[in-house]
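Chemist: Sequence:
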Amino acid sequence: MTHFPDSSGEFADPNPSQHPSEPQLQTALSTGLAALKQQDYAIAIACLESCQTSLDATTRLKAQMGLIKAYVQCHRIDAAIALCQPLCQHPHPQVQAWANQTRSELTNRSRPASRTDLKPDSSIHSSPLPSPPSSEAPISDPTGFTPLAPDSSAPAPPSPSFGEAHEPPSPLVRRGSRAASPPSPAPLTPRSSSSPWTNAGRAQKWNSLGKVDASGLWALEAGSLVLLFWLVRTLLEWVVSLWNGAWIRLNWFTGLPRLTLPTDLTLLVLIGLGLVIVSSPWLYERLLRHHHGLQSFSLTDLERHSPEASRLIKRWGNQYRRPVPNLALLPVTVPLLFTYGYLPRNASIVVSQGLLNLPEDEVATLLAAELAHLCYWDFGVLSVLVLVAQAPYQVYWRVAAWGDRQRDRVLKTVAVILSALGYGLFRLLRGTGLWLSRVRLYYSDRLATDLTGNPNGLTRALLKSAIGIADDIQQQRQTSALLESFDLLMPVGYRTALAPGSLYNTDQAPEANHFNWDRFNPYRRWLILNNSHPTLGERIQLLMQYANRWRIQPEIVGWQGSRSAQSNVRFSLQRLLLQGAPWFGILFGLTVGLLLWAVGWLTRQWRWVDLTWLADDGSILLACGLLGFSIGLFLRINAFFPDIKPANLRMEPSLASLLSEPNSLPLDSVPVQLTGQLLGRRGFPNWLYQDLMLQTPTGTIRLHYTSSLGWIGNLLPKALRPPTWIERTVTVKGWFRRGATPWIDVEMMQADGSGRGAVYGRTLRSYHPIWSTVLAGGGVLLAVYLILGG
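Here the sequence shown is numbered in the working numbering, starting from 4 and rising by one per residue.
Each statement offered as a hint is correct.
Distance condition first, Cα-Cα at most 30 Å in a straight line; then the derived DSS-like pairs of lysine-lysine:
1. Lys40 <-> Lys65
2. Lys721 <-> Lys415
3. Lys208 <-> Lys317
4. Lys214 <-> Lys317
The hints are simulated quantities; they were obtained by calculation from the structure and are not laboratory data.
Work the whole structure out from these sequences, hints included.
Modeler: Now the structure itself:
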């Protein structure tokens with residue numbers, strides 16, 4: 004067994020759950036029962052399962068009875084029946100009678116029932132029913148998108164079904180909306196006992212959700228194209244200026260003629276982007292066919308997998324008077340789809356073989372969302388953004404693969420530099436489409452729901468896509484180039500999918516409390532700015548509002564019963580300012596710089612003391628921004644990197660429990676120690692450690708590691724690097740951070756000693772606190788230099 008030293012020099016056991024003490028088990032029992040009462044079933048199951056090793060019979064009995072109730076609420080009927088079996092032989096007569104009756108009820112419940120004799124679902128005996136749901140506030144978006152049209156004519160809802168009462172939705176105000184008469188309640192489809200999913204029904208007859216004002220989306224599309232043009236032109240002009248400066252200096256020393264290039268590249272960039280747009284369908288097809296095996300596909304082929312999807316595409320074409328888009332197939336098992344092109348008539352929808360393995364109604368909802376992108380034209384803008392970013396990404400990927408095959412140190416160095424530059428440019432160009440990629444999904448989810456009347460089907464499709472993406476990453480032991488390079492076009496991003504998707508499997512359906520952060524966190528709008536996709540919980544929140552509008556049973560059990568989690572959420576401006584202190588510091592510094600510039604300008608106009616240099620020296624503004632950033636970073640360091648001690652270190656916590664806290668920020672650093680298998684790319688494609696993940700028994704999470712020399716040290720050759728331990732069991736200690744994408748800032752990483760060679764059993768340290776301090780100090784020194792030099 005490997006042990007891991009903490010910051011105090013003592014050694015801690017990374018697997019204390021193998022031999023917990025009785026007091027610890029009593030605490031786990033109390034925590035589990037309290038979580039069961041609050042309907043936090045994931046935490047309840049994790050705590051109560053750990054109590055099965057207790058030597059105290061009463062503790063084991065209470066834990067077993069609580070587990071049965073938790074399993075029932077999670078629709079794990081077979082597991083609940085299996086736990087009832089030993090209790091049926093319990094010596095206490097009351098326990099025995101309870102177990103027998105419970106087993107009988109669960110056995111009857113697990114039998115498939117016809118729709119006519121389906122009875123309301125109730126929890127067994129003392130298990131409380133979920134609280135009646137309240138109408139949750141709609142989620143709005145800064146672009147002006149709101150989820151629902153007002154429905155002032157809606158009468159009282161129908162009688163509750165399945166033991167859950169539904170309150171009518173609160174009236175929601177939206178521009179350009181229209182009232183709709185209430186639809187008939189949709190019949191509820193019984194769930195098979197072999198499936199962990201609720202498989203909630205869909206609307207049989209429904210009124211339209213109404214038109215939505217898409218002017219904000221169209222403005223964002225135009226702004227994204229302008230930003231792409233500006234960024235490409237700026238980068239090219241910067242390269243040209245470096246080239247011209249180099250030739251001027253070379254002319255001084257050698258007398259060679261100057262080979263300078265024109266510096267105004269506006270027209271050239273416009274022509275280049277125009278050519279990219281016009282040729283994008285052909286370029287996409289060539290790229291996907293050559294690198295990912297793209298195959299031809301037709302509506303006839305689609306009809307064999309999902310007749311509903313085929314009918315939907317034909318109906319959509321007639322309704323919107325649009326040509327039927329081309330279809331293509333990717334022979335990969337991961338469920339994904341995306342659309343490329345620049346006009347609806349030359350658009351192509353790419354589906355994967357893994358997507359076609361989903362139920363036909365779920366395939367139809369995802370294809371409806373792609374058709375929505377054709378209606379709003381956002382697919383054309385993102386197609387251009389993604390295609391432009393493909394150029395540096397292919398440089399990164401191909402040069403890194405070439406560098407892995409080289410033995411000459413000089414060639415390896417060239418490969419490291421070029422691949423790192425390629426990846427950096429890819430991330431920079433990709434950033435121009437982040438906002439559009441997020442916002443467009445709110446519109447497409449809404450229109451897809453309107454086209455199919457199936458918000459529950461779209462919910463299942465999104466969640467199963469996330470599960471499939473997480474499974475693909477775990478099976479391949481790395482993030483594929485397809486998932487990363489086409490991320491902006493896909494309905495579910497690989498970073499968004501990894502942690503929540505890894506929590507579930509075929510025996511466990513998603514639970515409502517796992518999405519508490521996505522739904523209730525008051526800071527999520529700020530923390531999602533660097534993400535390409537909205538959080539899954541936020542999208543499901545909107546879909547459940549649509550289901551509530553049509554009086555449909557929600558797909559996820561307990562979705563409307565999370566008021567206790569929402570009531571504990573508190574917004575704190577101080578916490579938000581501390582979280583974003585470096586960036587707010589930049590704004591504050593620039594404000595101070597502008598004030599100083601104004602003072603210099605006024606002294607010039609009114610001929611006061613000689614402070615006109617404040618208005619003439621532009622470096623003052625940059626220096627103030629740097630000072631603000633550095634001061635903000637200094638203020639945040641202690642809170643961001645608290646000392647890891649045995650008293651505050653959480654040993655082997657479940658990922659579900661870490662993700663479920665709705666009020667947390669990345670600032671709330673949780674010292675954790677986890678053991679699992681290290682995943683990621685090997686060799687040069689992971690030279691910057693951009694693809695490091697830890698797969699634990701309870702889920703998979705991304706790792707953030709930096710060497711002793713920071714990002715410069717990441718580029719330098721080393722005998723031991725984290726990718727050396729890919730697919731090995733490692734123990735990681737660091738700070739867990741809950742943001743829109745959760746991750747762990749690594750402090751230490753240690754591989755087990757079972758492998759051969761000197762690299763196993765050793766410890767790697769990461770230096771996040773040190774380099775945060777160095778970065779802040781460097782910013783101060785640079786600002787002082789700019790002020791004095793100016």
